[in-house]
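Residue numbers (the numbering used here), protein chains in the order written: chain X, 982 to 1331; chain Z, 186 to 485; chain F, 9 to 364.
Derived by calculation from the structure, the hints in this document are not laboratory data. Treat each hint with caution, since some may be false.
[Stated by the list, open to error] If we take Cβ atoms under 7 Å as the criterion, some of the chain X residues that face chain Z in the derived model are:
{"#": "1", "residue": "Q1071"}
{"#": "2", "residue": "E1074"}
{"#": "3", "residue": "N1076"}
{"#": "4", "residue": "K1148"}
{"#": "5", "residue": "Q1177"}
{"#": "6", "residue": "A1189"}
{"#": "7", "residue": "I1190"}
{"#": "8", "residue": "N1202"}
{"#": "9", "residue": "S1329"}
{"#": "10", "residue": "Q1331"}
[Stated by the list, open to error] Derived pair list, reagent style EDC-like, types lysine to aspartate or glutamate, alpha-carbon separation capped at 16 Å:
{"#": "11", "chain 1": "X", "residue 1": "K1254", "chain 2": "X", "residue 2": "D1082"}
{"#": "12", "chain 1": "Z", "residue 1": "K230", "chain 2": "X", "residue 2": "E1315"}
{"#": "13", "chain 1": "X", "residue 1": "K1143", "chain 2": "Z", "residue 2": "D328"}
{"#": "14", "chain 1": "Z", "residue 1": "K230", "chain 2": "X", "residue 2": "E1070"}
{"#": "15", "chain 1": "X", "residue 1": "K1175", "chain 2": "Z", "residue 2": "D254"}
{"#": "16", "chain 1": "X", "residue 1": "K1187", "chain 2": "X", "residue 2": "D1141"}
{"#": "17", "chain 1": "X", "residue 1": "K1173", "chain 2": "Z", "residue 2": "D254"}
{"#": "18", "chain 1": "Z", "residue 1": "K476", "chain 2": "F", "residue 2": "E116"}
{"#": "19", "chain 1": "X", "residue 1": "K1085", "chain 2": "X", "residue 2": "E1074"}
{"#": "20", "chain 1": "X", "residue 1": "K1288", "chain 2": "X", "residue 2": "E1269"}
{"#": "21", "chain 1": "F", "residue 1": "K192", "chain 2": "F", "residue 2": "E174"}
{"#": "22", "chain 1": "Z", "residue 1": "K242", "chain 2": "X", "residue 2": "E1315"}
{"#": "23", "chain 1": "X", "residue 1": "K1264", "chain 2": "X", "residue 2": "E1032"}
{"#": "24", "chain 1": "X", "residue 1": "K1131", "chain 2": "X", "residue 2": "D1301"}
{"#": "25", "chain 1": "Z", "residue 1": "K265", "chain 2": "Z", "residue 2": "D246"}
{"#": "26", "chain 1": "X", "residue 1": "K1090", "chain 2": "X", "residue 2": "D1262"}
{"#": "27", "chain 1": "Z", "residue 1": "K230", "chain 2": "X", "residue 2": "D1082"}
{"#": "28", "chain 1": "X", "residue 1": "K1173", "chain 2": "Z", "residue 2": "E251"}
{"#": "29", "chain 1": "Z", "residue 1": "K242", "chain 2": "X", "residue 2": "D1318"}
{"#": "30", "chain 1": "X", "residue 1": "K1036", "chain 2": "X", "residue 2": "E1074"}
{"#": "31", "chain 1": "Z", "residue 1": "K230", "chain 2": "X", "residue 2": "D1318"}
{"#": "32", "chain 1": "Z", "residue 1": "K390", "chain 2": "F", "residue 2": "E174"}
Cβ atoms here follow ideal geometry from the backbone N, Cα and C, with glycine treated the same way.
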Amino acid sequence: MLRSALSAILALTMTACGGSSDPVATTSNELHVFNWTDYIDPNEVKRFENETGIKVILDVYDSNETLLAKIQSGATGYDIIFPADYMAEQMRELNLLEPIDVAKLPNGKNIMPSMMDVYWDPGRVYTAPYMYGTTAIACNPIDTYCPTIKSWHDFFTTKDPKVSVLKDEMEVVSAALRAVGVAGNDLCTTDKTKFQAAEDLLLGFKPAIIESDGATERMLNGTNTLEHTWNGEVHRMRPQIPDMIYIYPTDGANLWADNIAVPVGAPHLENAKTFINWLMDPKNIAAESNFTGYDNNIVGSDAFMDKSIRQDPAVIPPADVVSRLSPAPNCPQEVRDMYTQVFTTWTSSQ
Amino acid sequence: MSKIVRGRPGQTSPWLAIPTIAYLFLTIGIPLFITVVYSFLQRAKIGMGVTWHFSPKAYKDLFILENLDGTTTFDTRYVKVLWHSFQYSAVTTVATVVLSIPIAMWIATRNESTRNILVAAVTLPFWISILIRTYGLRQIIDDNGPIGWIAHKLGYENFHIIYTPIATMIGLTYVFLPFMILPIYASAERFDFRLAEAAYDLGAKRWTVFRRIVFPSIRPGVIAGIALVFIPALGSFLQSDMLGGGKTNMIANVIALNFTQARNWPFGCALSVLLILLTLLLVQAIRLISKKFGDQVSLV
Amino acid sequence: MTNSFLNIANVSKAFTTPEGGTVHALDDVSLDIREGEFFVMLGPSGCGKTTLLRSIAGLEYPDSGVITLDGQRIDDLPAYSRPVNTVFQSYALFPHMTVGQNIAFGLEMEGINKTETAKRVSDALDQVSLSGLDKRKPSQLSGGQQQRVALARALAKQPKVLLLDEPLSALDLKLRRGMQIELKRLQQQTGITFVFVTHDQEEAMSMGDRIAVFKDGKIVQLDTPQEIYRRPVNSFVADFIGETNLLDGIATADGVQVPGGGFIARSVIASDCVVPASGSVTIAIRPEDLKISDGSGSLKGIVRDVIFTGETVRVHIDLGTTEVVAHLPSYGVRVPDRGETVSFSPLDQSARTVAS
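Next comes chain X alone, as it looks inside the complex:
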């Protein structure tokens, strides 16, 4: 939060002054990677460096918005970024992504067919698939409320005192919309009565914590036992809490997919392509899945993935719940404003 706000403010001043914080743009054999915190295996990065002779320089961000603010403010010099689905679409619309014909790269053939024509990049021109996952509900089996939570509606009406919620406008409000009966493919509805109902539902909900940072840590130390979270976090908690329950709500859950892309003006375009191609290799992407605890969309990677991941229902959704999942909504601004309004009203009522 601090960092995202700071970088936003920084971006604000930078836009105005026409300055930029370019990493030194050189023609040397480097690759500047801008990624989420803790979202790539450092050992794999070393292996990439050894295999290709390209030196990787890593920088991290903590939210899609931080990434957007930085790239939009003209911070060139990055070669690789990891925008989520909706963010990839926005960046493409803002002409911030380099068309590199990902599908035509040698390993482009490995992209899962169902993930070829995604809404943010039909035909995979700009983006390669990275990890994907779901946002739903985790429950520590010691919590007696676990059996009572079947849906978002149950979640938002629970009296469980140890519940935490992600500080994420889109995730919270979309879940609340699902709870009041909005279908997964209709989350960008312009029906204000639905938002009113979602707001009314949320206003009766007083979680212990509204915070994304440290959610896993709080679950592990017992501060929270019921949590709005991402599936990979549940997998990461298994060593300490093996039977952690991941609930796919009956009223649906958001499916999101992160991507690998190249921002326009990347100084090391060819190295970036090499890197993306390398990460579309089933063996290499499987190593990243093993590290992050999330599944990927590369055909053939299963063979190289840890059994614990492949058999974790939190990571690989069981067949009977797949129908409940739908992509996280990427709504037009006037709808997003309603999301903001509901979220602000709710947080300021706490």
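We have chain X; now place chains Z and F onto it with these hints.
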């Protein structure tokens, strides 16, 4: 050949101030100007930033809420958040004053070498990132931390302060305490303790001596401390975010939200402008109060 | 004792120095101060006089001993309940209060009503000739005026004993002389017992009804100024009070032989002094008691310096092993020249033997 030197001895050339003025202009003047300008623009259709069309909408949105059912009402949300920020800052200020006076007086009465060590100790926290310190504090006041452990041992089974407004205020108090101790100490160090002896000799008891003699002498330090604590506390967001569990929103949290997830920069700028205006009002109020007492208060 | 008003009995107080040593600021001091007297405690700095004053005020607590005032034991009372008040060396005026508020402060503490307070503030200001300055802040007053305010503030309390801790030391000489007279006059008018601490022997002499001379935490001599001046008990007092020539000599049957300088006859030694038949003795002679007598004096020396100070002429005479000072009247007598050999002798009964 001798050149006539103009100006008084010890006076530096006014030209030497130019880099500083330029620096302040670049780092404060221009961003402030941008903030004000952006607050009157429209947000970008997609992505971050603004489009260059004049609009007072951001200011209208501060106070008028267009309900989801189409009606408009007075928007109490931001007023409420501001009021919370105000409360937290006020409690923080009072807590820091109460905690600082005894320690500042104690330090001021030590001998010089001990005093230097103690003042350095007060500034020690500045050596560590505020983010790390706040994380540390979170561990300490957590239900499972040492404070919680002691509380449980003492039989307070329902002990719980982390992720509550109290935790936010503890965090604010912790961070701003040195900013209160130091100016009070500076005043206390100048205090002539023989005055306290005189008052004692004239029949005043401990508390009266403090209230009538000591306090008026350290009041300039207290007022400076209030300015140094209350105003930045009002603009804090880290503590409410990390310790308040994201529920005790302060105005800066809302500003940050608008620069990130909500992507409404004009509104974030309008909120910032509102906060700046309130701050100016506060500075003015502090100036008036100190003038009333006839104190020489530096820093405001 | 019938005339004991402020009684100090066997009071001791030790301090630890920063180096870890122990200093006996007060070493078993006993003392009786009479009601209505102007009592002076005199001594060099560090002699314990201020510690005793602060012990009476309650700003310091003795390690042992008892202090009683008017029959009531006060050493275990806090400062604010003792019927004594102090005029501090630094004046210690409250800078944020006006003169009037400063004086009224102590009265407010007693719970005296507004009318009475106002009257006593104005009376106190009258007493110290500062009428009409009650609205001023201390910073707007001169040093002498601040001194008077401090005095008025303590006097307004109508204490049984007024303690004054070197109150005049910050004033210039002329102002100090004026204040000495004024203080003495005030003490007589009010009848309040004054205990006055100073290191200035001249001030002590001119003001005190009685003087206690302190050295190293002990009282060396306690007596009237005249007695202390005329009959110092030892060389320290003789030297500290006024100016004294101390001559070391060998006692003989007729008097005292001063090595290199001459002879002091028994006739010039005060009759109450005991001069042993033999052995070394120290003789104290006041400079004004030395008379230069053309050739007939029993002491001889060379004039080293002749200093005209206005009221007297100071003549420094080298006796070979030591130097003495003689004060001559500035007119009416012949003043020797520098380098001249002179003979001189003490006035009859003026020289004293003193313990060293």
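Tested hints:
1. Hint status for Q1071 of chain X relative to chain Z: holds, with the closest Cβ pair at about 5 Å, below 7 Å.
2. The criterion of a C-beta within 7 Å of any C-beta in chain Z is met by E1074 of chain X, whose closest approach is roughly 6 Å, and the hint holds.
3. At a threshold of 7 Å, the smallest CB-CB gap from N1076 of chain X to chain Z is about 10 Å, leaving the interface hint violated.
4. Interface hint status for K1148 of chain X: upheld, as the beta-carbon distance to the closest one in chain Z is roughly 5 Å, under 7 Å.
5. The beta carbon of Q1177 of chain X comes within 4 Å of a beta carbon in chain Z, closer than 7 Å, and the hint placing it at the interface holds.
6. With its C-beta approaching chain Z no nearer than about 6 Å, A1189 of chain X sits inside the 7 Å limit, and its interface hint holds.
7. Proximity of I1190 of chain X to chain Z holds as hinted, the smallest CB-CB distance being about 4 Å (cut-off 7 Å).
8. Because the smallest distance between the Cβ of N1202 of chain X and any Cβ of chain Z comes to about 5 Å, under 7 Å, the interface hint for this residue holds.
9. The beta carbon of S1329 of chain X is positioned within 7 Å of a beta carbon in chain Z (closest approach about 4 Å), and the interface hint is therefore held.
10. Hint on Q1331 of chain X holds. Least Cβ distance to chain Z is approximately 4 Å, under the 7 Å limit.
11. For the hint linking K1254 of chain X to D1082 of chain X, the alpha-carbon distance of about 9 Å falls within 16 Å, and the restraint holds.
12. With a C-alpha separation of about 10 Å, the suggested pair K230 of chain Z and E1315 of chain X falls inside the 16 Å cut-off, and the hint holds.
13. Distance restraint check for K1143 of chain X and D328 of chain Z: the Cα-Cα separation of roughly 12 Å lies within the 16 Å cut-off, and the hinted pair is therefore satisfied.
14. Our distance criterion of 16 Å between C-alpha atoms is met by K230 of chain Z and E1070 of chain X, whose separation comes to about 14 Å.
15. The hinted pair formed by K1175 of chain X and D254 of chain Z meets the criterion: a straight-line CA distance of about 10 Å does not exceed 16 Å.
16. For the hint pairing K1187 of chain X with D1141 of chain X, the CA-to-CA distance comes to about 10 Å; that is within 16 Å, so the pair holds.
17. For the proposed pair K1173 of chain X and D254 of chain Z, the alpha carbon gap of about 7 Å is at most 16 Å, so the pair holds.
18. Straight-line distance between C-alpha atoms of K476 of chain Z and E116 of chain F comes to about 26 Å, which puts the hinted pair past the 16 Å bound.
19. At roughly 22 Å between alpha-carbon atoms, K1085 of chain X and E1074 of chain X are farther apart than 16 Å, so this suggested pair is violated.
20. The straight-line distance between the Cα atoms of K1288 of chain X and E1269 of chain X is roughly 14 Å, inside the 16 Å bound, and the hint therefore holds.
21. Only pairs whose Cα atoms come within 16 Å are accepted, and K192 of chain F paired with E174 of chain F is accepted, the gap being roughly 14 Å.
22. Taken as a hint, the K242 of chain Z and E1315 of chain X pair is honoured in the structure, with Cα atoms around 14 Å apart against an allowance of 16 Å.
23. A threshold of 16 Å between alpha carbons decides the hint, and for K1264 of chain X with E1032 of chain X the separation of about 14 Å falls inside it, so the pair holds.
24. Between K1131 of chain X and D1301 of chain X the alpha-carbon distance is near 14 Å, which keeps this suggested pair within the 16 Å criterion.
25. Distance check on the hinted pair: K265 of chain Z and D246 of chain Z sit about 14 Å apart at the alpha-carbon level, within 16 Å; holds.
26. Taking the CA atoms of K1090 of chain X and D1262 of chain X, the gap is near 10 Å; set against the 16 Å cutoff, the hint holds.
27. In summary, the hint linking K230 of chain Z to D1082 of chain X is not supported, as the alpha carbons are separated by about 27 Å, beyond the 16 Å threshold.
28. Pair hint K1173 of chain X plus E251 of chain Z holds up; C-alpha atoms about 11 Å apart against a cutoff of 16 Å.
29. Proposed proximity of K242 of chain Z and D1318 of chain X is supported: the alpha carbons are some 13 Å apart, at most 16 Å.
30. Between K1036 of chain X and E1074 of chain X the CA atoms are separated by roughly 31 Å; this puts the pair beyond 16 Å, and the hint is violated.
31. For the suggested pair K230 of chain Z and D1318 of chain X, the alpha carbons sit about 12 Å apart, so the restraint of at most 16 Å is met.
32. This hinted pair does not check out: K390 of chain Z and E174 of chain F have alpha carbons roughly 25 Å apart, beyond 16 Å.
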